[in-house]
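Undergrad: Sequence:
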Amino acid sequence: MANRSDLERKEIFGHPVGLYILFFTEMWERFSYYGMRALLTLFLVASVTSDNPGWGWSNDEAINLYKWYTTLVYIASIPGGIIADRFLGQKKTVMIGGILLCVGHLVLAYESIEAFYIGLAFIIAGVGGLKPNISTMVGGLYPKSENDRRDQGFYIFYIGINLGAFLAGIIIGQVGEKINWHYGFGLAGIGMLIGQLVYIFGQRYLKGVGEFSGKSENEEEREAMKRPLTRVEKDRMIVMGISFLIIIVFWGAFEQAGGLMNIYAQQNTDRVIFGWEVPASYFQSVNAFFIFTLALAVAGFWTWWKRRGKESSSLFKMAVGVIVMGFGFTFMSFASLQYEEFGKSAMYWLVLAYLFHTLGELCASPVALSFITKLAPVKYASFMMGAYFAATGLGNFVAGTVGEQIKNASEFQIFTGIFIFCLIFGLLIILLLKPLKRLTHGAEDSQMEDGIPKETAIE
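Mapping to the working numbering: the sequence shown position 226 is 775, numbers consecutive.
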């Protein structure tokens, strides 16, 4: 964490320069990750006798591996957070995670089964070190009292994430799907290497951010690492745990994108435009395109909404995000009905689904990242961010488990069931909003001192 003097550094567009260093680092990391994500299931189900041979797995086998891979990638954030909190600090752990990611993606460029699984293992370890800690560093760029600016900073950071994802689906997807799967995997590694260089040469803009608090020059931070949690901090840990449940549900539905919806795009969708067949992997960029074109508009909407005195807590936004994202699956239900009748469904159903998924994501995900940095005690800052990403991983596991039911149920039944569940769950969170907000003890209030409302007593 950084003290106030550390934060008074040069700014660009009202935000610390360090935000843009983290922006581009994460952009290239996500370029590599989403490039791998776009290719994984398509590579696994590709015929071994095709011009660009894959492994010839069945759909449910491919989704099962995708499930375990994406689950472990995010669960690794817990040990990554612990290492940062107890030993290295966020800055050094991000550096190590980036190195592991470079190695992992480049190993995948080799065409062998052994290299494939070794590469996945390095990527899992690398994401575990980088992902939770770079997000925590974004929060560390801002004083606790500047909640609105911090939220805006996370929206900007989120644009970087999705700019990388957008480029990955098109560039890596094209190379991997149309030329050679392993060339695509190797290209993802080059992207990660660029991100690592940005991070290395941008260190001077991150001074005082992400350092190991156990050796902090700030006496208050050192003491916060030693003392037991207060009642307020314990309550906030509880509400963060509940917010993780929202995250599991959200990503459990949303992550059908890389599994069931990815395969659906390839096998069930009419992708021909003016005689040209759109690669299925391109649809992995649709969500990202909507993210960086709509992110600031959604952020502006919530700012306007709050100024009108309307409910605008993070928990409310996350619940709305689940509901809106759930509505996206109604379009997949329509697509399934069209496929059952005509043998192919139109591409616009996928585009509409991803539009609603994106709007839901913009309500939930960047807000959740900011929410954790507001509530997490200093001594558990990276651990709680790691727990957030572990919840994301569990959501991926749920997504894979649901996607595997394609062998027992129709696409229409699965997509419609997801919509109904998300609608009911989101409405339930809204009904419980008042008692949940009390557990935050005003962490999102504007009148704050070190993250605690001035009128709040600490026990």
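Note that these hints are calculated values from the structure, not bench results. Don't take each hint at face value.
[To be verified] In silico BS3-like cross-links for lysine-lysine, where the CA-CA straight-line distance does not exceed 27 Å:
1) 986 / 893
2) 893 / 855
3) 559 / 693
4) 641 / 559
5) 855 / 693
6) 756 / 855
7) 693 / 893
8) 783 / 727
[Said to hold, decoys possible] Here are the simulated distance ranges between beta carbons:
9) 628 / 852: 30 to 38 Å
10) 635 / 670: 17 to 25 Å
11) 966 / 842: 41 to 49 Å
12) 893 / 790: 42 to 50 Å
13) 954 / 670: 45 to 53 Å
14) 787 / 596: 44 to 52 Å
15) 605 / 842: 20 to 28 Å
Even for Gly, the Cβ is constructed at its ideal location relative to N, Cα and C.
Undergrad: Does each hint hold? Answer for all of them.
TA: Okay, the hints, checked on the actual structure:
At roughly 46 Å between alpha-carbon atoms, residue 986 and residue 893 are farther apart than 27 Å, so this suggested pair is violated. For the hint pairing residue 893 with residue 855, the CA-to-CA distance comes to about 44 Å; that exceeds 27 Å, so the pair is violated. Between the alpha carbons of residue 559 and residue 693 the distance comes to roughly 19 Å, so the proposed pair stays at or under 27 Å and holds. This hinted pair checks out: residue 641 and residue 559 have alpha carbons roughly 23 Å apart, not beyond 27 Å.
With a C-alpha separation of about 19 Å, the suggested pairing of residue 855 with residue 693 holds against the 27 Å cut-off. For the suggested pair residue 756 and residue 855, the alpha carbons sit about 33 Å apart, so the restraint of at most 27 Å is broken. Under the criterion of a C-alpha separation no larger than 27 Å, the hint pairing residue 693 with residue 893 is inconsistent with the structure, at around 52 Å. Taking the CA atoms of residue 783 and residue 727, the gap is near 52 Å; set against the 27 Å cutoff, the hint is violated.
Roughly 37 Å separates the CB atoms of residue 628 and residue 852, a value that falls within the hinted 30 to 38 Å. A beta carbon spacing of about 23 Å between residue 635 and residue 670 agrees with the range 17 to 25 Å that was offered as a hint. The given range of 41 to 49 Å is broken by residue 966 and residue 842, whose C-beta atoms sit roughly 30 Å from each other. Distance hint for residue 893 and residue 790: a CB-CB separation of about 44 Å, consistent with the stated range 42 to 50 Å.
Separated by about 28 Å at the C-beta atoms, residue 954 and residue 670 break the suggested range of 45 to 53 Å. The given range of 44 to 52 Å is respected by residue 787 and residue 596, whose C-beta atoms sit roughly 51 Å from each other. Between residue 605 and residue 842 the beta carbon distance is about 38 Å. The supplied range of 20 to 28 Å is therefore violated.
The structure shown violates the earlier hints numbered 1, 2, 6, 7, 8, 11, 13, 15.
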